[in-house]
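Same order as they appear, the protein sequences are chains A and B. Position one of the first sequence corresponds to residue 1 (the numbering used here), numbered consecutively onward. Position one of the second sequence corresponds to residue 1001 (the numbering used here), numbered consecutively onward.
Warning: the hint list may mix true and false statements.
[Said to hold, decoys possible] Incomplete in silico selection of chain B near chain A, CB under 10 Å:
{"hint": "1", "residue": "1014"}
{"hint": "2", "residue": "1021"}
{"hint": "3", "residue": "1164"}
{"hint": "4", "residue": "1165"}
{"hint": "5", "residue": "1217"}
{"hint": "6", "residue": "1278"}
[What the hints assert, rightly or not] Restricting the straight-line Cα-Cα distance to at most 25 Å, the calculated cross-link-like pairs of lysine to aspartate or glutamate (DMTMM-like) are:
{"hint": "7", "chain 1": "B", "residue 1": "1298", "chain 2": "A", "residue 2": "2"}
{"hint": "8", "chain 1": "B", "residue 1": "1058", "chain 2": "A", "residue 2": "238"}
{"hint": "9", "chain 1": "B", "residue 1": "1270", "chain 2": "A", "residue 2": "2"}
{"hint": "10", "chain 1": "B", "residue 1": "1032", "chain 2": "B", "residue 2": "1240"}
Bear in mind the hints are in silico, worked out from the structure with no lab data behind them. These numbers were taken from a predicted model, which means no experiment stands behind them. Even glycine gets a Cβ: it sits at the ideal position worked out from N, Cα and C.
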Amino acid sequence: MEVLKIATAGSVDDGKSTLIGRILYDTKSLTTDKLEAIEKTSKQRGYDYLDFSLATDGLVAEREQGITIDVAHIYFSTAKKSYIIADTPGHVEYTRNMVTGASTSQASIILIDARKGVIEQTNRHFFINNLLRIKDVVVAINKMDLVDYSEEIYNKIKADFEDLMSKRDYQGQKITFIPVSALKGDNVVNKTDKMSWYEGQTLLEHLEEIDKADIFNIGTPRFPVQYVVRPKTEDFHDFRGYAGKVYGGNLTVGDDIVVLPSQTKSKIKDIYFYDEKYETASRRSSVTITLENDINVSRGDMIVKDGDLPTIDKQFTANVCWMDSNQLTAGSKYIVQHGINKVLAKVDTIHHKIHPDYSGIDTEVFGLGVNDIASITFKLNKPIFYDQFKNHRTNGSFILIDPQTNNTVGAGFIQ
Amino acid sequence: MKEIMNKDTSHINSLENEAIYIMREVAAQFEKPVLLFSGGKDSITLVRLAVKAFYPAKIPFPLMHIDTGHNFPETIEFRDRLVKELGLELIVRHVQDSIDQGKVKEETGRYSSRNQLQTTTLLDAIEEFKFDACIGGARRDEEKARAKERIFSVRDDFGQWDEKNQRPELFDMLNGNIEHGQNVRVFPISNWTELDVWSYIEREDIEIPSIYFAHKRKVFLRDGLIWSAEDGVVYRDDSEEVVEELVRFRTVGDMSCTAAVLSDAVSISKVVKEIRESTISERGARIDDKRSEAAMEKRKQQGYF
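Okay, chain B solo, but in the shape it has when bound (with noise of 0.2 Å):
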């Protein structure tokens, strides 16, 4: 028999027991705890993390997918297939229902995206099931705002991040407690970088949607960036040219704020690569960081996770 961790050197292995530590903090002190899933790479990596931590017991909490309606069909099949495998609980909500109730307008024009309407969809949705904690799949490397993030991150009655106000988070002393209407975010994956989930990825021979790999798309460019022409989600004037190209997914969000990138990485090993010698950061593919400078904290402080 072999000695767990004798492969204590692996950054990638204190990684994975840091987060298998947190998901167990979440289930023991939350009443109703919840996995956001949106079919991306971070939360199916989330969602394998938790299978390990409460083996052999199935995860005791659900996930919930805030479906924009404008997700990419790949992620969706991808979603159902694999909680069915994992025999998992799926809540579903709508952003569309969001939009028909009258809760929020949809944007309108060439930049115009359904990402930041999620947010009142997911409040709404936090309110219905009385979830007091949301596990999510954010990285503090991914953008500065999320730099500042701590692993439990308090949410007021209005899901809003006071980021001035954190509380201080000591050692491995996660505080849970929150008053009745709060909720708590966390970030199991707080300190894993890109390459490292790409790695965990390649390591655990972990299934992901077809869309991170290479394969031929009707596209077009517009401001440096290529975006998906099919399916009709993403506004596009007359003039910008429809070309075919070989392309991938760099991270998986609303279609309508998530660029491609031009790659011929059919394989993960592949994928690693090139992000391994990638000279743009992972969010420099999502349009919705760069409406401002501080677009992504702006949207924290209204509850977006």
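Looking at chain A on its own, in the form it has when it is part of the complex (with noise of 0.2 Å):
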């Protein structure tokens, strides 16, 4: 069966965990324990109606003040899919939660609340999918039984939000508005009669639909070796095996390569998974090679078909997001974690501020302060090899760890 990873995004009450627990409970994938325990703090609150967000809101912290600290990673499944959704923040101060959901995810709803529209935290929340590439886009207008499902104020959300998306970079997004109500369960799974203007398919219907294009595989083969195998046992007394998860492309046993940095070049021997052998290794898989001659490959390294070399270099520009209450400023130093390669950074230039409110105004700055988001140029004490994130997902981007507090402190993605 097929699995559809998403991450919600939007503003705080705009509904988001209220949108899931709908889904949850309109596709009967809330266990009788589950439903009876939101019935029981519904009715202790005092609540009318049924608050699903106590289904995926799992902090106290989070409970008491009613609001979504951290992601939640929420399973269900129809006959025709797997999801896993991302329920991720939507105040200010936890964007960095949403981009930690969303980094991993195909698509995204964005939630509007219909009585407030396109608001700040919207052209935040539409960059950062934007700047992640994020393919498929619900837009999710909510609330729509407080505005009398009033067809006349969709219109106008969608032409504000037609209008963010002609100033994106990204043109490659695939964007559905859905008019819904979480609380009542308007086109949510079910399609409502209050709403008879809407021609369109429910959220659900559309999610069923969606063709898990695999945005973490484009590019070429690229495999990081994370492990060494040897063995040093009777049987596999010289096995020297490099293990790894393949990355873009596929690779096969008699490929021609070559490992980096040192850009000695080898073939392909043999391709393990587990103790079967097999002729290739397709993207996603884990699995662990042999090379035909014997020469020295260690953790960091990476093994990519030859004449298909990526950037090799000691600096690079990127786009950061920065996560970290203390700033980043230039001249700093961090620990830059590309896949699994760790290099010791420094920041050279910080070209400009980035406003994610598609104003196009780029602010000169010294620093970067939580949620920034600029355009950086790094310099490392060795070379890594990199691509484009715009080409290659996993070989693009990066995270950047402080190494005073060992916290991940920012992400990247190399232009």
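Join these two chains into a complex; the hints should help.
What follows is the structure in structure tokens.
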């Protein structure tokens, strides 16, 4: 069965958790005990309706404050597909958690409160979706019940959003507008008779039809060596295997390959997955390969096909989403984790801060605060082997680690 | 010869590949990892994934079982056999020892359980062996606090989970950088559901302890749940009548907090069918989660796995 991973985005109180709870309820994915718990708590709190956000807001602080702080991963399936929904926070201060949820998703749902329309947070959410090059975006205009299911309001919000769309850099997105009421269940799983003017699909109908285009696998084969397998046993005395995950494209026995950074050439001898040998390792498979020649390969090296080399350089420029409360400043040092490879990096130039409101204004800045996005050039202490993010999602992205705190403080997309 | 993962559309294959990738990251990024093994289906699955990740080499870390002293005998017997067959190293630490040392106090009464006491024994063992990474079989679909968990989840010196300040985790990039004394809990099967685990066990033909299959057992009913009346571990009032029923266990933890379900599923395929049709969640039979709405979160903050 296919699996579709979806991230939600929306501002506070736009009803993301309620929407997910509603999907679970209407697809009968909530088990009896979980539903009973929701009923009990909703009643205790004196609500008139079932508070479905109780199904997803798993932390005490979230339930107390009625907001989502961190990503919850929710699983459900229909006869057609398995779904993983990353329910991400809407609060500006938790944007980093939203990026966390969206980074591994194939589709996203941006929620808009019909009463408020397109607001600054909507710009930010769309901007991040765009930056991450998420292909399928659903704009769910929620709380239609509170605006008398007005077609006029829906059209106005749609037009405002289309205005944003014209300003984006990544044009490959498919955007679908759906008017819903998560609370009442209109157009979420079931069609409603309250919006006869809307002729499109319900949210779930749409999700069921999304073609899981494998966005993680565009590009050419890249095989970062994760772990060197040396059994040193009687049966496998001389075995030296390179364990890793194949990204981008397939690798086949007999392929001429180059090991980076040494640029030593060899050929793929065997491909193992557990105790079986295979002719071809396709993308996303975690295999162990052996090479014809006995060359020195270690963790962090990358095996690529001969004639298909990435850029090998000690510097690069990237869009960086800053996620830490300590400022990023020019001259400071971080660890760049590019795939599994960690190198020391220095912030060389902060070119400009990018405003996620699509205003097109770039501001000169000396430092980045939490949730700021900027174009930055880094210098590295040793070369890495990268592709541009637009050509290779995995080999074009990285995280920044603060060597003082060990925290993940930024996410980068190589230009 | 075949092309691997030409069955790329299979959900279970992508979960398997993801878990193997995570196992290798643990082995590469940490100095002293350990795999937390309870003898339940999730940790048995972890062992299979670890075997695959490092083949033809052996799993490069030991297994550790925190024995509450209230385990099903079938589980212990199974554990010892598995470890022997695979030639693995097994560390066992006992909750009874923590009780004897006066570090924790045994609960009494109707709902007494040793489940929560495990945390102290676990944290002591982590300190004793200086483990910097503990691989566990927790899944995000189990419980709503677990749904918030990262794959690499950093715990402080006291084993505590700071749920409001988790590290961002992007793409496949797992940041295992920690300070001395800190510890990372690693969850390779985070994205698996209960059904995925069972489907995998079925596909791989993995052996599991017999208590997962329907068997006759002396039980009694309390709060709508079926409790084992054998072995004398679960507190029982004289008024609570013992009957014999055909049951199986859906989750295998400490006996004192694991209830049975009525079932006639005697094979894995029947278990898979039963889970597929069930309207009760797996944790519905775990009394420890019902203590309060935030029971799991609280335990995790204290260092529970």
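Now the hints, each set against the structure:
no.	hint	verdict
1	1014	holds, 6 Å
2	1021	holds, 5 Å
3	1164	holds, 6 Å
4	1165	holds, 9 Å
5	1217	violated, 22 Å
6	1278	holds, 7 Å
7	B:1298 to A:2	violated, 35 Å
8	B:1058 to A:238	holds, 15 Å
9	B:1270 to A:2	holds, 23 Å
10	B:1032 to B:1240	violated, 47 Å
In the structure shown, a violation is registered for the earlier hints numbered 5, 7 and 10, in ascending order.
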